[in-house]
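Chains as they are written, first to last, in the numbering used here: chain A, 131 to 250; chain B, 73 to 704; chain C, 3 to 344.
No lab work stands behind these hints, which were simulated from the structure alone. Please note that a few of the clues may not be correct.
[Unchecked claim] Think about it this way: if two alpha-carbon atoms lie no more than 27 Å apart in a straight line, the pair counts; the simulated BS3-like pairs of lysine-lysine are:
| id | chain 1 | residue 1 | chain 2 | residue 2 |
| --- | --- | --- | --- | --- |
| 1 | B | 137 | B | 119 |
| 2 | B | 479 | B | 456 |
| 3 | B | 440 | A | 158 |
| 4 | C | 150 | B | 494 |
| 5 | C | 260 | C | 8 |
| 6 | C | 179 | B | 667 |
| 7 | B | 487 | B | 576 |
| 8 | B | 137 | B | 221 |
| 9 | C | 85 | B | 667 |
| 10 | C | 280 | B | 669 |
| 11 | B | 440 | B | 494 |
| 12 | B | 456 | B | 576 |
| 13 | B | 529 | B | 478 |
| 14 | B | 494 | C | 343 |
| 15 | C | 310 | B | 576 |
| 16 | B | 529 | B | 479 |
| 17 | C | 260 | C | 343 |
| 18 | C | 280 | C | 179 |
| 19 | B | 334 | A | 244 |
| 20 | B | 478 | C | 280 |
| 21 | B | 109 | B | 479 |
| 22 | B | 478 | C | 150 |
| 23 | A | 158 | A | 244 |
| 24 | B | 479 | C | 8 |
| 25 | C | 85 | C | 260 |
| 26 | B | 667 | C | 260 |
| 27 | B | 434 | A | 244 |
| 28 | B | 487 | B | 456 |
| 29 | B | 576 | B | 479 |
| 30 | B | 456 | B | 109 |
| 31 | C | 280 | C | 310 |
| 32 | B | 479 | B | 494 |
| 33 | B | 487 | B | 529 |
| 34 | B | 109 | B | 141 |
| 35 | B | 440 | B | 334 |
| 36 | A | 244 | B | 440 |
| 37 | B | 334 | B | 479 |
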Amino acid sequence: MMSATGANKFGFAINRSRMIDYDSSDRKVREYITSREPSFRLCFACGGCTATCTAGQHTSFNLRRMNTYIRRGEIEPLREEVTRCMLCGKCLLVCPRGVNTRNVVAVAAEAIRKLERNEL
Amino acid sequence: MNSDLFVIPFNLGLYFILIYSVVRSVAWFRSLSRPDKLRLQRGFFGKPFMDSLREIFMESLLHRKIFRKNPVLGYMHMSLAFGWFLLIVFGTIEADFFGEKHLNPPSHAIFFRWFNPEHGAEGLARIYNVWMDFLLAFILSGLLLAVIKRFTPRMMGMKKTTRHTWTDRLALTSLWLIFPSRLLAESFTCGAHGSGSFLTGNLGSALASFLPAAEIAPWFWWLYSLSLGTFFFMLPVSRYFHIPVELFLIFMRNSGITTGDKHSSYTEVQTHACSSCGVCISVCQMSYAAGINDIQSAYFIKGLRNDRDISAITANCLMCGRCEEVCPVGIELGPMRLIERRQGERADRRLSLPERYSVMRKRSVTEKVPTQSYGYLVREEPEKAEVLFFAGCMTHLTPSVIAAMKKIMESAGVKYRFMDEKGGVCCGRPLMLAGRDREARELINHNSDIIWKSGAKILVTSCPICYKIFRESYYLEATVMHHSEFINLLIEEGSLRLGYLHRKVVYHDPCELGRGSGIYEEPRAVISYVAELLEASQERSMSLCCGGSLGNLTLASGKKAMIAADAARLLTMSSPDELITACPLCKKTFVQATKTKVSDIAELVAAALPAPSTRVARRRAARATVRANDAG
Amino acid sequence: MKTVPKHVLVAGGGVAGMEAAGALAEMGYRVTLVEKGDDPGGHLLQWHALFPDRRPADEVRSYLRKRAGHHNINIITRTTVEKVRHHPGGVRVILSGGTEEEADAVIVATGFDLFDAHRKEEYGYGIYDNVITSVDLEAMFNRGRLEKADGTVPSRIGLIHCVGSRDEKVNNNHCSKVCCVTAVKQAIEVRQMLPSCEVFCFYMDMRMYGPYYEELYRESQEVHNVNFIRGKVSEASVNINNRLVIKVEDTLAGRPLKMELDIMVLMVGMEMAESGAKLAEASGFRQGINSFLESGDHHYGNNLSGIKGVFYAGTCTAPMNITDTISHARAAVAETVRYLKA
Numbered sequence: 131m132m133s134a135t136g137a138n139k140f141g142f143a144i145n146r147s148r149m150i151d152y153d154s155s156d157r158k159v160r161e162y163i164t165s166r167e168p169s170f171r172l173c174f175a176c177g178g179c180t181a182t183c184t185a186g187q188h189t190s191f192n193l194r195r196m197n198t199y200i201r202r203g204e205i206e207p208l209r210e211e212v213t214r215c216m217l218c219g220k221c222l223l224v225c226p227r228g229v230n231t232r233n234v235v236a237v238a239a240e241a242i243r244k245l246e247r248n249e250l
Numbered sequence: 073m074n075s076d077l078f079v080i081p082f083n084l085g086l087y088f089i090l091i092y093s094v095v096r097s098v099a100w101f102r103s104l105s106r107p108d109k110l111r112l113q114r115g116f117f118g119k120p121f122m123d124s125l126r127e128i129f130m131e132s133l134l135h136r137k138i139f140r141k142n143p144v145l146g147y148m149h150m151s152l153a154f155g156w157f158l159l160i161v162f163g164t165i166e167a168d169f170f171g172e173k174h175l176n177p178p179s180h181a182i183f184f185r186w187f188n189p190e191h192g193a194e195g196l197a198r199i200y201n202v203w204m205d206f207l208l209a210f211i212l213s214g215l216l217l218a219v220i221k222r223f224t225p226r227m228m229g230m231k232k233t234t235r236h237t238w239t240d241r242l243a244l245t246s247l248w249l250i251f252p253s254r255l256l257a258e259s260f261t262c263g264a265h266g267s268g269s270f271l272t273g274n275l276g277s278a279l280a281s282f283l284p285a286a287e288i289a290p291w292f293w294w295l296y297s298l299s300l301g302t303f304f305f306m307l308p309v310s311r312y313f314h315i316p317v318e319l320f321l322i323f324m325r326n327s328g329i330t331t332g333d334k335h336s337s338y339t340e341v342q343t344h345a346c347s348s349c350g351v352c353i354s355v356c357q358m359s360y361a362a363g364i365n366d367i368q369s370a371y372f373i374k375g376l377r378n379d380r381d382i383s384a385i386t387a388n389c390l391m392c393g394r395c396e397e398v399c400p401v402g403i404e405l406g407p408m409r410l411i412e413r414r415q416g417e418r419a420d421r422r423l424s425l426p427e428r429y430s431v432m433r434k435r436s437v438t439e440k441v442p443t444q445s446y447g448y449l450v451r452e453e454p455e456k457a458e459v460l461f462f463a464g465c466m467t468h469l470t471p472s473v474i475a476a477m478k479k480i481m482e483s484a485g486v487k488y489r490f491m492d493e494k495g496g497v498c499c500g501r502p503l504m505l506a507g508r509d510r511e512a513r514e515l516i517n518h519n520s521d522i523i524w525k526s527g528a529k530i531l532v533t534s535c536p537i538c539y540k541i542f543r544e545s546y547y548l549e550a551t552v553m554h555h556s557e558f559i560n561l562l563i564e565e566g567s568l569r570l571g572y573l574h575r576k577v578v579y580h581d582p583c584e585l586g587r588g589s590g591i592y593e594e595p596r597a598v599i600s601y602v603a604e605l606l607e608a609s610q611e612r613s614m615s616l617c618c619g620g621s622l623g624n625l626t627l628a629s630g631k632k633a634m635i636a637a638d639a640a641r642l643l644t645m646s647s648p649d650e651l652i653t654a655c656p657l658c659k660k661t662f663v664q665a666t667k668t669k670v671s672d673i674a675e676l677v678a679a680a681l682p683a684p685s686t687r688v689a690r691r692r693a694a695r696a697t698v699r700a701n702d703a704g
Numbered sequence: 003m004k005t006v007p008k009h010v011l012v013a014g015g016g017v018a019g020m021e022a023a024g025a026l027a028e029m030g031y032r033v034t035l036v037e038k039g040d041d042p043g044g045h046l047l048q049w050h051a052l053f054p055d056r057r058p059a060d061e062v063r064s065y066l067r068k069r070a071g072h073h074n075i076n077i078i079t080r081t082t083v084e085k086v087r088h089h090p091g092g093v094r095v096i097l098s099g100g101t102e103e104e105a106d107a108v109i110v111a112t113g114f115d116l117f118d119a120h121r122k123e124e125y126g127y128g129i130y131d132n133v134i135t136s137v138d139l140e141a142m143f144n145r146g147r148l149e150k151a152d153g154t155v156p157s158r159i160g161l162i163h164c165v166g167s168r169d170e171k172v173n174n175n176h177c178s179k180v181c182c183v184t185a186v187k188q189a190i191e192v193r194q195m196l197p198s199c200e201v202f203c204f205y206m207d208m209r210m211y212g213p214y215y216e217e218l219y220r221e222s223q224e225v226h227n228v229n230f231i232r233g234k235v236s237e238a239s240v241n242i243n244n245r246l247v248i249k250v251e252d253t254l255a256g257r258p259l260k261m262e263l264d265i266m267v268l269m270v271g272m273e274m275a276e277s278g279a280k281l282a283e284a285s286g287f288r289q290g291i292n293s294f295l296e297s298g299d300h301h302y303g304n305n306l307s308g309i310k311g312v313f314y315a316g317t318c319t320a321p322m323n324i325t326d327t328i329s330h331a332r333a334a335v336a337e338t339v340r341y342l343k344a
């Protein structure tokens, strides 16, 4: 569950339901990433990246789920997850849409840091 | 004489630049680390000193490296540099030998013709005049080429020229004015006095025939002095600062100073030593194959020098090393880009005075936020093995290489263990290429632990990216070998019996294996055992990058495909049966880019192994013969 | 005086070519049908049963053979059409082997090639035993024997959708349309042949676009217990027991999934036929970014080439199923006749 400070950043009440409230969620991170890595828009969530992911062998890092969450504006689960990527690049070789997945992770990490410092 | 006032701009400029250069050099020296200071001091004696002098002569004056790229381009640079150098040297000798007294001020040498307008009527002076005129003509011929190059760079084998800032343009204009104005000044003076040699004399008399030469001459002497003065004043803020700085850099480099992992005065000197000659842009595949023209090393260096925000430029580089190969000044372009990648975000605090005064110090004040963490990795207890095979992340997507390596090692009877058979952990180099050394160290520790515990004597990897980091950043007792080296070893010690495949193949040097690790010959030797190796147009240290590069963090896949298609086209120009490469990432990139069959070197060798069925058949045949003989 | 019937040359003796030839011949035109293989029939020769109802492919083959057996049709085999060129008197056609034909109109029906699964190296086709394509599986159905390379009976088969389609990495961004329904059909056929064998389909999307396709999907789950896992398989390898192991993410469950398979079937997509591409290049046909032939208008000019007297029929323009191919061929005939009568 989210902490009080986290909730206030996103502007809704402390006890939120399990549903994704699309109208209240904050998609600044998504816009930040899309502006710097336009290929992010192309993801159709096939899961090939997650299937091949090196970090995904050892931990619960799930690139497809991360991308989906970002697009829905759900950042909270990602703060720690985004640090698990080894930048190995296998996802790049698998993506059928040609998304620069590696850069998406790097920029997502940057965006989340900036969000925490209220610079976004 | 009052009209001698025109020497003032020149004098001011000259003394300014001399003092400035000395002060700056002292500052740079003092910022060096203690070991580097000692190195530099020793660099002024013995062999390093002679090497530096030789390099200054061959590169700064004669521009030998540029000559190799394109003779016309080399001539252009040489004529300006060497020609001007000779003009100064011989001008000084002229002034001291023929002038009023010995040891004159520099202005008496530069403006010799003004002070001695009648000089050179006969004898040694006349012959000397011819020489001086020849040098001027030499420089002017190069100047003409420089003007042409700015408008049609293709004539000099350059695909593009460097873009200029306004300070560059002002410096360039004044530089270009110097010699024509000298020519005209000397000609007018000679025309007025009936002196001069084949160039100045003839031009002078031609001009004097319809113009008042004596009255016009001073104007051009003013122009000459002003252009010199302006040039000297603009030097520190333009690309031409490389003229003095390059000399300092050569001494530093030959003393054994290297770039290292952080910004230092050596990186600062390198940023000023860049002459913006544009050769790096010319060989950059991102420029000519993908049409991206704002990220090349010349612009990167310029951005560093002027303390701009170059984060986009820094990340957008293939890190292939081609520019570094051809840089005539020998700047360590790759390490410098990595240093910038290591910078985190600019620290949000007030900078102290020493930090503000040096650009490099300013850039080093950053918040390096650790972005990745791998605490989740679990320590493994590996089995013992003499030989470890590490496929690496990329090779898992080219399973034919793994299958081939298994076949080869089994055929040679190597007792190996496949270290990352079930996936493994990344070697860490992609993180290092992204500037995340601290995080890479966690992966390096994890993998090193496994390798140490296995007691392996040899670590073989099929990926040059892994190979490079294993050799450079892992502390291992095991010998690290790329699979082409290992196969070469197996062939040479007789463990592999190979047939000959009647195929014509071309070998592509992967960036990380070739330029990155210096392995050029072993793969070629291996290939030559089993197939006919054709030459490609760009080989070894100038080989093309496939474009797949993990070094480029931001390049779009469409652009990568353009680079790959162009490289593949050049490699397959001789219509080989196969394109052989030694890197799984290159293989994957080329498969997408060409219709020619692409194979890894291991696959080629595996194809040349005697088929087990023929071995079995021979044994059966042999047994059958024995039985027949027994029966008969 | 009897008028000389106009001559139409049909380039390609697959489904579209045979149907077009038959329709034209019936109307009284003289037809030359040029086929690069030993026999006309195209890829239909390889199929066992056709979706959606799994009727025997042989029935359609017989129909087409009857069509193309019309006495007005002259069939030339083992020959490709290299170039066509319109001139004021008609269309000159250059065939391989150097011969030339004159026709009043030409219908291009060069069809498709199947994606070469070797190009998707990470799936291990040609490297591991038991990685086969949908075409190889269909051949097994024809032989009536479904077994592993070592002759044993499989207990789990996986079908991988979108191999060579919708994949930028092999330069094929297009969807091949029919592979999803083919996978479902083949899954059902496997279950019918080997009731003890589990079947899994690994898909990115389920494109059941045609009549009764969605119903077939429902039947595969309801009646035949075919399993569907949404996830793109990234790579395959072989484990110590010599079974295939795939890496895939079960995107609907949100977790990576590990599974051993006895046989992995790659649903290979359609690409522009190489012989067709060569013809297109030589004759100046426009090719779209998906490499298929670009027709005059996507909606109402789908058989027009933009060159007088030359018409397109069948999968040389886009992936399509057999029904649509036959309809497309008939439409091409209508356009051709309209042109010839004008």
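Verification of the supplied hints:
Distance check on the hinted pair: residue 137 of chain B and residue 119 of chain B sit about 21 Å apart at the alpha-carbon level, within 27 Å; holds. Between residue 479 of chain B and residue 456 of chain B, the direct Cα distance comes to roughly 21 Å. Compliance with the 27 Å bound is thereby established for this hinted pair. For the hint linking residue 440 of chain B to residue 158 of chain A, the alpha-carbon distance of about 23 Å falls within 27 Å, and the restraint holds. A threshold of 27 Å between alpha carbons decides the hint, and for residue 150 of chain C with residue 494 of chain B the separation of about 24 Å falls inside it, so the pair holds.
The hinted pair formed by residue 260 of chain C and residue 8 of chain C fails the criterion: a straight-line CA distance of about 62 Å is larger than 27 Å. Restraint check: the Cα-Cα separation between residue 179 of chain C and residue 667 of chain B comes to about 25 Å, which is no more than 27 Å; the hinted pair holds. Taken as a hint, the residue 487 of chain B and residue 576 of chain B pair is broken in the structure, with Cα atoms around 32 Å apart against an allowance of 27 Å. Taken as a hint, the residue 137 of chain B and residue 221 of chain B pair is honoured in the structure, with Cα atoms around 18 Å apart against an allowance of 27 Å.
With a C-alpha separation of about 22 Å, the suggested pair residue 85 of chain C and residue 667 of chain B falls inside the 27 Å cut-off, and the hint holds. Taken as a hint, the residue 280 of chain C and residue 669 of chain B pair is honoured in the structure, with Cα atoms around 20 Å apart against an allowance of 27 Å. Only pairs whose Cα atoms come within 27 Å are accepted, and residue 440 of chain B paired with residue 494 of chain B is rejected, the gap being roughly 34 Å. Restraint check for residue 456 of chain B and residue 576 of chain B: not satisfied, since their Cα atoms lie roughly 41 Å apart, outside the 27 Å limit.
With a C-alpha separation of about 18 Å, the suggested pairing of residue 529 of chain B with residue 478 of chain B holds against the 27 Å cut-off. A hinted pair counts as satisfied when its Cα atoms are at most 27 Å apart, and residue 494 of chain B with residue 343 of chain C does not qualify at roughly 68 Å. The suggested pairing of residue 310 of chain C with residue 576 of chain B is violated, with an alpha-carbon distance near 44 Å, which exceeds 27 Å. Between the alpha carbons of residue 529 of chain B and residue 479 of chain B the distance comes to roughly 21 Å, so the proposed pair stays at or under 27 Å and holds.
Proposed proximity of residue 260 of chain C and residue 343 of chain C is contradicted: the alpha carbons are some 63 Å apart, above 27 Å. The hinted pair formed by residue 280 of chain C and residue 179 of chain C meets the criterion: a straight-line CA distance of about 24 Å does not exceed 27 Å. This hinted pair checks out: residue 334 of chain B and residue 244 of chain A have alpha carbons roughly 25 Å apart, not beyond 27 Å. Under the criterion of a C-alpha separation no larger than 27 Å, the hint pairing residue 478 of chain B with residue 280 of chain C is inconsistent with the structure, at around 40 Å.
Distance check on the hinted pair: residue 109 of chain B and residue 479 of chain B sit about 54 Å apart at the alpha-carbon level, beyond 27 Å; violated. Our distance criterion of 27 Å between C-alpha atoms is met by residue 478 of chain B and residue 150 of chain C, whose separation comes to about 23 Å. A distance of roughly 11 Å separates the Cα atoms of residue 158 of chain A and residue 244 of chain A; the hinted pair therefore holds under the 27 Å criterion. At most 27 Å may separate the alpha-carbon atoms for a hinted pair to count; residue 479 of chain B and residue 8 of chain C exceed this at roughly 62 Å.
With a C-alpha separation of about 51 Å, the suggested pairing of residue 85 of chain C with residue 260 of chain C is violated against the 27 Å cut-off. Between the alpha carbons of residue 667 of chain B and residue 260 of chain C the distance comes to roughly 34 Å, so the proposed pair goes past 27 Å and is violated. At most 27 Å may separate the alpha-carbon atoms for a hinted pair to count; residue 434 of chain B and residue 244 of chain A meet this at roughly 22 Å. A C-alpha spacing of about 11 Å is found between residue 487 of chain B and residue 456 of chain B, which places the hinted pair at or below 27 Å, so the restraint holds.
Between residue 576 of chain B and residue 479 of chain B, the direct Cα distance comes to roughly 23 Å. Compliance with the 27 Å bound is thereby established for this hinted pair. Under the criterion of a C-alpha separation no larger than 27 Å, the hint pairing residue 456 of chain B with residue 109 of chain B is inconsistent with the structure, at around 47 Å. Our distance criterion of 27 Å between C-alpha atoms is met by residue 280 of chain C and residue 310 of chain C, whose separation comes to about 19 Å. The straight-line distance between the Cα atoms of residue 479 of chain B and residue 494 of chain B is roughly 18 Å, inside the 27 Å bound, and the hint therefore holds.
Under the criterion of a C-alpha separation no larger than 27 Å, the hint pairing residue 487 of chain B with residue 529 of chain B is consistent with the structure, at around 12 Å. A C-alpha spacing of about 34 Å is found between residue 109 of chain B and residue 141 of chain B, which places the hinted pair above 27 Å, so the restraint is violated. For a cut-off of 27 Å, the pair hint linking residue 440 of chain B to residue 334 of chain B stands: about 13 Å separates their Cα positions. With a CA separation close to 14 Å, the supplied pair residue 244 of chain A and residue 440 of chain B stays within the 27 Å bound.
Of the supplied pair hints, the one linking residue 334 of chain B and residue 479 of chain B is violated, its CA atoms being roughly 44 Å apart against a limit of 27 Å.
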